[in-house]
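Spelled out from the first residue to the last, the chains are:
Number of protein chains: 2
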Amino acid sequence: MEPERAERLSAITTLVFDVMGTVVDIDGSVLAQTTAALQRHDVGVEAAGLVDQAGRALQQSMDDVRLGRSAWRSHRDLRRAALGEALAAHGLAEPPPDLLSELSGVIGRLDAWADSPPALDSLRSRYTVVALSNADVAELSRLSRHAGLAWHLVLSAQLARSFKPDPAVYGLVPGLLGVPAEELLMVAAHPWDLRGAAAAGFATAYIARPGARPPADDDTFDVTATDLTELAQRLP
Amino acid sequence: MEPERAERLSAITTLVFDVMGTVVDIDGSVLAQTTAALQRHDVGVEAAGLVDQAGRALQQSMDDVRLGRSAWRSHRDLRRAALGEALAAHGLAEPPPDLLSELSGVIGRLDAWADSPPALDSLRSRYTVVALSNADVAELSRLSRHAGLAWHLVLSAQLARSFKPDPAVYGLVPGLLGVPAEELLMVAAHPWDLRGAAAAGFATAYIARPGARPPADDDTFDVTATDLTELAQRLP
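Sequence lines, in order, name chains A and B. Everything in the first sequence is counted per the numbering used here, starting at 1 for the first residue and increasing by one. Everything in the second sequence is counted per the numbering used here, starting at 1 for the first residue and increasing by one.
Looking at chain A on its own, in the form it has when it is part of the complex (with noise of 0.2 Å):
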């Protein structure tokens, strides 16, 4: 490692985990359950197509909200809206009861990746360990438990009313912890969310997931792991 690098992680006192993707498998944990449910209330749609769909919606939904062109809303309220939006195309416009409640609730119901609930009961007798994600903090609680993470704090998007990479969100964690953001380590597969915290000034580590969307040429991060457990093996 550089001897810069090496210098900037030795003052990190606090690592910040995004959550979905990065500690808990998303995709693979939607794709699946969306599946499964559609073929319990006998739909005949193709769950790929309507998960890609909803997916988009959603993600133009909270850049709506971020850039001040749409009221806050939740996440999972947001998510449940692109998921209804997603079935009518798929023509269900009025899909059954219980399936849209199914579907929104798939986020606090995501599998952790292997790797994750050890790497973080190791890592939490070195270091202060955060949540900060886009999910709710009631998705976060129970996704939590379901998936066998614990935390020192969680922190969610909804307590700035926005989404990262909201600068306001980042600046959520020096503002409730006290801590400079020099001591601040951002966790993430989503290089998206890495450039967002290093303009905050946070020091970064991008881990390598399946699936996530590959770095740019020119994105560089303070420590890059394919895992939990070898970030925590790489820092200090």
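Treat the hints with caution; some may be incorrect.
Listed next, with one range per pair, are the computed distances between beta-carbon atoms [what the hints assert, rightly or not]:
(1) A:R69 / B:P117: 43 to 53 Å
(2) B:E2 / A:P96: 38 to 48 Å
(3) B:T226 / A:G68: 51 to 61 Å
(4) B:S70 / A:P96: 51 to 61 Å
(5) B:A36 / A:D98: 58 to 68 Å
(6) B:P97 / A:D77: 46 to 56 Å
Worth flagging that the hints you see were computed from the coordinates, not collected in a lab. Every value quoted in this text rests on a predicted model; they were computed, and no experiment measured them. Don't be surprised by glycine CBs; every beta carbon is placed ideally from N, CA and C.
On the provided structure of chain A, position chain B as indicated by the hints.
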């Protein structure tokens, strides 16, 4: 156990823990660290008297915020002001520069009751495990790391800009989690805290920690235990 209490407990999905005094030893830790800090600074002030006076001033200023008699200030700020007043009353109107900071920081260095970390680890596999404390978010994250506590969610009265037993603070839990009060069990060593939670519709678990003020004759709780190990055994 009476049948209605057993039925009540069988509906619980979420444990809501008071922290200071319930999960960590506040009286013993504060007295020991205050004594050490006063000795280190070679200040001839009697620790027990100082702690007692600062504690009473802090309680008064939290009550003033809670009852709308003064504007909101964080627990850390109020505690620092109370310590400053108490030091001045003991003849130290201008205390050594670091002393006030050291005494203010004690909340982040309270020691866990020995049963707490393993009991929380075990309870997290059966319940959603939430902290609800009058301490600030910053104090709670430091304290959780220091004392080896891990949570699915950490809520501070700071988020309601008040202090327990203000109903608004208990209301954070069903409000942010989207879980009805019937599913919530407040766990505390302070009867006043359990009375506040019961008024908000929570079930109650009283932990008879050493030094805590005992229940009144007409207090009733859904569970009583001497520590969190016994609580874990008593819960279904």
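Checked hints:
{"no.": "1", "hint": "A:R69 / B:P117: 43 to 53 Å", "verdict": "46 Å, holds"}
{"no.": "2", "hint": "B:E2 / A:P96: 38 to 48 Å", "verdict": "42 Å, holds"}
{"no.": "3", "hint": "B:T226 / A:G68: 51 to 61 Å", "verdict": "54 Å, holds"}
{"no.": "4", "hint": "B:S70 / A:P96: 51 to 61 Å", "verdict": "54 Å, holds"}
{"no.": "5", "hint": "B:A36 / A:D98: 58 to 68 Å", "verdict": "59 Å, holds"}
{"no.": "6", "hint": "B:P97 / A:D77: 46 to 56 Å", "verdict": "50 Å, holds"}
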